[in-house]
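I would like the entire structure built from these sequences, with the hints used as guidance.
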Amino acid sequence: MNPKATSWVRTQESGPKKAIPVLPDAASRIIKKAKRPALVIGSKINDVDGVLDRVIELKKTGIEIVATGHSIKFLLDKGTDAFHAGVVEVTNMLTDSDWQGIDGRGLPDLVMVMGVHLDLTNQTFSTLKNFTDIESMCLDRYFMVNATYSFPNLTEDIWLEYLDELIKKCE
Amino acid sequence: MTTDNRIHIKRLKSPFLNMSDVEVEFGKVEEEWEEPMGPTPKPSMTDLREWDMKLLERYKPFYTPVCDMCCLCSFGKCDLTHGKKGACGIDIRTQQARMIALETCIGTAAHGGHARHMLEHQIERKGRDFPIDMGLNIAVEAPITRTVVGIKPGTLGDLEEAVEYAEEQLQHVLSSLHTGNESSYIDYESKALHAGMIDNLVKEIGDIAQIVGYDFPRGDPEAPLVDIGFGTIDKSKPVILTIGHNVAPGAEIVSYTEEHNKAEDIEICGICCTALDLTRRTARGKVIGPLSMETRFIRSGTADVIVLDEQCVRTDLLEEAAKVKAPLIATNDKACHGLKDRSKDPVNDIVTDLVSGKEKAVLVLDPEKVGEVAVRVAEMVAPKREKFKAIPDKEELIAEAKRCVDCEECQRACPVNLHISVALTEAAKGKLGKLSEMRDLCVGCVRCESACPKDIPILSLLEKAAEKKLKEEKSKIRVGRGPIRDTEIRNVGPPIVFGEIPGILALAGCSNYPNGAKEVAEIAEEFIKRNYIVTSSGCAAMSMAQYKDENGESLFEKYPGDFDSGGLTNVGSCLSNAHILGAAIKIPAIFARRDLRGNFEEIADYVLNRVGAVALVWGAYSQKALSIGTGLNRWGIPVILGPSGSKYRRLYLGRKDKEEDWEIFNARNGDRVTVDPTPEHLMYVAESKEEAIVMISKLVMRPNDTTKGRQIKLAHYIDIHKRYFGKKPDNLHLYIRTEGDIPMTQKDEIKKMLKKKKWKEKIIPDPTLVERLVWKKEEKK
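Protein sequences, first through last, are from chains A and B. Letter by letter, the first sequence follows residues 1 to 171 of the numbering used here. Letter by letter, the second sequence follows residues 1 to 781 of the numbering used here.
Honestly, the hints are just simulated from the structure, not real lab data. Watch out, some of these pointers could steer you wrong.
Stated by the list, open to error - Computed beta-carbon distance windows for the label pairs:
hint : chain 1 : residue 1 : chain 2 : residue 2 : range
1    : B       : Asp440    : A       : Lys59     : 31 to 39 Å
2    : A       : Lys17     : B       : Lys431    : 43 to 51 Å
3    : B       : Cys336    : A       : Val48     : 32 to 40 Å
4    : B       : His260    : A       : Val48     : 53 to 61 Å
In this text, all values refer to a predicted model and were calculated from it rather than measured experimentally. The beta-carbon is built from N, C-alpha and C at its ideal position, and this holds for glycine as well.
Pasting the structure below:
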């Protein structure tokens, strides 16, 4: 097994269904295929310089942004607003097939996560995996087994490169 | 008056007696108590099910499975992922609820076993008839016991009835978890709520027993300030360290030193809740800190004797104690550690064996004997040990750091994902700054060391790097005051219920913090400064005490210990946090004159709709933290957990966008009306300190707030939201019921926003979820 595609938190493997590791090219194809992709960002989005700017670039490609925790403040400081809710609140609403979604036009069919506390990231993917038909993808630098797809474990530099490549391919 | 058994003698004829139609009653003599018995004294597992359904209808369980399988029987493992069913037919939702109920039972049993021990110990010391006297200012001595069990305990012996009830209920909940019982996750949630309520009950019993038995402070807002921190220990004296939650052995150590004129000669300190209770016994006791300090303090070599009791005691402490050549005494039947039971041996023999090193550790289940053994061993061992420690010197630290191969296994094992190898790489170059900073964020779990393929003693390196800081770690914590006085409730009851005191924030629980313990102090101070009532217990109280401001003062030195706006109370240990709930229950009893006796549903309904209390368990890790929180939820008190709380796998979340979920009865006329979505959630996980602060300011709102009260709460919510989220909330239309709710200074701006949202005024009802209470109110008139 590719050591970069094993659960970053060694003990997070929760069952037989595990994420498929993806590189930027495959990730961009998954995003393009989705009709209503959404990206959930969390309070740790500013922990690595340059990541927030890349989130804003991803937004420009048509991906809806959901800001959780206090990440909304970081976005507003950059002059960008977004749908804002707690990560557990938005995940809860995603389990409701009647919810009209982030933009009022229905549920997203692909939910991506970046910059959320690691425990919550994995638990979010677990809920989506078990209680929804929504596909999920981890764009963090950690391989998250509960997602449908995930970037492998990456160094910060490589992660930023992956994000740049992804943005380029989504444009 | 008598209860229990009654016999009717139709006719009795003997040489001495001739009688007919006589009824003889026998049983326990109860004190007269005029309060009428409510509908649910000693509720069974299903008596409050209807109340639970009302809560769960609004606050639906939200599951985040930690494990997609069930491995509780030998059919399994069964894969339950995404709709699959197990061999017994169970689905993943029901399995999550079942696990939650199980974990809640574990937490409740820990408190229950502790309470049972404490009660028996105090009955042994003081007798069954020893009175429960909580002092002049506390007439409602046991609000939880009164409400749940329906008794007004007057003596220690009276508490036995409540403990027996609790034990019976716990057995029933546990039995429901066997394979092939409930098929509904909602019913398992109801059972978890039941077990949680029992947790609250047994904590109250345990703490009352120790308050009256050991003469702890009885609701004293001016309980003394005592020392906390590594740097407060006088190493020139023999040092005895107690760890755990059951203070019985620690209290006997204190008694022995007092009785033998050694009180000034021995340093007695503690880690975790047993430390807090030690300081309630003697202000000379010292608190090292929360449970995250266990391994690091032992490795510092300061303790000459280590005394373990129960709960949250690391299971590798025998090994750690041996490393620093400190004799260890295990004292509790729940944690025997494989040791030989020396309880019946003569003290001299035990002392000789420990001092000579023949035994590195012993089990002594008699607290009084522990008192003597610990003191005598400490006196004899201290000169020999010379504070032998397991912390490396700087050269050794650098040499160890150089062995790091940067595999990142330590980080992958770290609950807070600390970049340990980066700090080690720096340390290898002699730069210790990063390691030292990391010590403040470390939760002390030591998983990094287990994961390290090179066996680098990472925690010890952190301690060495932070050595200078540790010496300066000296602060003050207020001794646990125990209950809130009835007189205090009389003062704050009306402004709390009307919303003019913006809320009560209770900080409780463990030290598994996502970003260091300092955040707990920062959250507390945010609300103290805003004139909320802030109260604390357990590890949270210890963590916030450890942080000092620029003047060198801790929060407990800066703010009064009153249960009043702008005050900061420390009620004491985990057991004592029952008094925080007790205060919420006393509000309907004292201010609103509602009957408590066997009247759970009415009281919980009152608390949910009128008492703006919120609990924060920022460093949640234990099953007890879950049972405490789940219990609070049944009483209508929302709980916010830190990110680690998501691994409990269940929250109770409301949906503010679903108007139909917020329908209640207007007790004035029985109409069903929709109210504002308050409190919005019952159990919530916040991602960051900032989010927790905003959520606290929101969850203190209640449908019963007066317009003046809602104005005050909204003013704080808006201000806090803007400060931490960078903008004003866009959902104010949900929380403004009438124009009178709008904070005065922002009227124009908010009215414009309301117009855009097509806001309509709502009535402010007399809110209740319980239909029968509509008529009860009419009858009272």
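Here is how each hint holds up against the structure:
The given range of 31 to 39 Å is respected by Asp440 (chain B) and Lys59 (chain A), whose C-beta atoms sit roughly 35 Å from each other. Distance hint check: the CB atoms of Lys17 (chain A) and Lys431 (chain B) are about 44 Å apart, consistent with the given range 43 to 51 Å. Distance hint for Cys336 (chain B) and Val48 (chain A): a CB-CB separation of about 48 Å, inconsistent with the stated range 32 to 40 Å. Checked against the given bound of 53 to 61 Å, the beta carbons of His260 (chain B) and Val48 (chain A), roughly 60 Å apart, stay inside it.
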